[in-house]
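Asks: The residues making up each chain are set out below.
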Amino acid sequence: MTPPVLHASFAKRFVGGPEIRADDLHLDAAGGVTVLFGPSGAGKTTILRCLAGLDTPDEGTIRFGDEVWFETSSSGGGRRGTKRVVPPQHRNLGFVPQDYALFPHLDVAANIAYGLRGLAPDERKSRAAEAIKWLGLDGLEARLPAELSGGQQQRVALARAVVRRPRLLLLDEPLSALDTPTRQRLRCGLRSLLLKLNVPSILVTHDRLEAAAFGDQLVVVDAGRVLQSGSASEVFHRPASVEVARVVGTDTVLACAVVGVADGLVTLAAGSARLTALAEALPPGAPRVHVCIRAEDVILTSDADVHASPRNRLRGIVRSLAAEGPLVRIELDCGFPLKALLTPQACAELKLRPGDPITAMIKAPQIHLI
Amino acid sequence: MTAEEWQFVGFSARMAVASTLLILPPGLALAWVLARRNWPGKALVETFVSLPIVLPPVVTGLVLLQLFGRRGFLGRWLHDAFGMDVVFTWKAVVLALGVMSFPLLVRAARTAMEEVSPALEQIARTLGAGEWRVFFTITLPLARRGVLAGALLAFARALGEFGATIMVAGNIPGRTTTLPVAIYERVQLGDDAGAWALAGLSLAIAFAALWFGERLQRRRR
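So the sequence lines, in the order shown, correspond to chains A and B. Going by our numbering, the final residue of the first sequence carries number 370, and the count climbs one at a time with no gaps. Going by our numbering, the final residue of the second sequence carries number 1221, and the count climbs one at a time with no gaps.
Next up, chain A with everything else stripped away, as it sits in the complex (with noise of 0.2 angstroms):
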């Protein structure tokens, strides 16, 4: 197995204020996307500033293949260790802030070739030539920055970051501060811009649907700590604990008991009514558990006696339906709460009123439990 290409453990303290840690962040060698993800204040922006030294930490190790970029020791005697610090300008590394931070003074060309310096004129030239082309960005060479939209903005911060061919490529937010339309439509344009650079990129967000969007990895931040790494899939079905659950936006999370182990399958009690799961999903040694249950993985029906494979039927009551998107989230109870999501469609069909009675089926290897 090759090294990771970066390996940082850190921590952070601001002057009363929280406590940032990051530990044992790695990235592999390939390139691919990891995501930092968690809700605001989290501490995602602090540990990428980090990365890119624009902050210290307080202590700990941050190392990119063979060099060090920051390293304290406690040795010496001294009250407080020393700090080995590589400044931003010595990482080569790319970094798009969430406001994208274009020079206002410089134009498009201009803000491009900033990090291109001490390059042949002729390099310098045919590098931005090949950035502007490659981003669309043909025509706004001449623009300021404060003639540009948002979406072309973002783009010129990614290829003044990019056109440097940093080892390392730092995105903070980059959707946030666009319009929603835009986001949409630059989500899929950024991911396969991001592989095709084929530079380890870390990206941060708190959006659910950037994060699955883009993570090949992702790191569930909260509070200030890492709470999980994994793939995307992973750490969507499989939250490692209920903050993650919580973090990633599971539909239902609920403290069950265990009943009983038999066939490869455990009974537990949710509320008044009982789910099946698989025994494999039990974690060891817990009398009490918590399931996670997907709204997308509830299928509702009118009919109670269809047969069909789902191992848990739950009879229910609708509560509520409220629009999400372009998709109609369901809350029922079926002796406990449950959340479904269903397509406009299907709703009517079923003809679905608060009040009316349900059936909710759930297929055993889809509640996950921790």
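It should be emphasised that the hints constitute simulated quantities derived from the structure, not laboratory data. Check each hint, because a few of them may be wrong.
[What the hints assert, rightly or not] Every beta carbon over 12 angstroms from chain B, so not counted as near; a handful from chain A, in silico:
no.	residue
1	E71
2	L93
3	L278
4	T301
[Unchecked claim] Label-pair ranges, simulated between beta-carbon atoms:
no.	chain 1	residue 1	chain 2	residue 2	range
5	A	K125	B	A1029	26 to 36 angstroms
6	A	S176	B	T1047	42 to 52 angstroms
7	A	K125	B	V1054	48 to 58 angstroms
8	B	E1115	A	T56	19 to 29 angstroms
The beta-carbon is built from N, C-alpha and C at its ideal position, and this holds for glycine as well.
Once you have looked at the hints, place chain B on chain A.
Replies: Same frame as chain A, now just chain B:
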């Protein structure tokens, strides 16, 4: 207009330009250090630099005379090391004008630099720029309007300086006499017409400087 009057005008303008140019590098450096760094004794330095604004100029002149006089601490050293005598020469004029206008430049430049977003400077660093390049390509260009206003203010203050100048440079016509000093002398000698002629010239220079500054700022907006 007599040749002597022209001499006063030319001399005063040259001295004011020289002192403004002279204080520009240390003034910008100090403004940056005040705007961007925290260090022990910062408040003390700030106060010290601003003193000439609140002190009677004559007192500032007296202090300079003590320091740079032949028996003064700095004056003796300059004389021994470089054979340079400052007081009652044009160098004393530049010195007095520089010290009196220094705080005006520093204050304006500092405010302007504080208004430049540190995020832009940080981004420049991630793009490989060291401190000098960040200063000259990001901080200074973005603060240029305030810096320019500060330099103009310093220039205008230098043109009008009287108290400190007469203390350290005296009134040696053709060698250290500036426009304000010449006006004062005319009045003392009862030459009101001459005083008014020079006053008119002062007004013209000040007006031209302000107009030029306005033009420069508007063009860059």
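Asks: Please go over all the hints and tell whether each is borne out by the structure.
Replies: So, going through the hints one by one against the coordinates:
no. : hint                                    : result
1   : E71                                     : holds, 20 angstroms
2   : L93                                     : violated, 6 angstroms
3   : L278                                    : holds, 48 angstroms
4   : T301                                    : holds, 54 angstroms
5   : A/K125 with B/A1029: 26 to 36 angstroms : holds, 34 angstroms
6   : A/S176 with B/T1047: 42 to 52 angstroms : holds, 43 angstroms
7   : A/K125 with B/V1054: 48 to 58 angstroms : holds, 54 angstroms
8   : B/E1115 with A/T56: 19 to 29 angstroms  : holds, 25 angstroms
Of the numbered hints stated above, the single one contradicted by the structure is hint 2.
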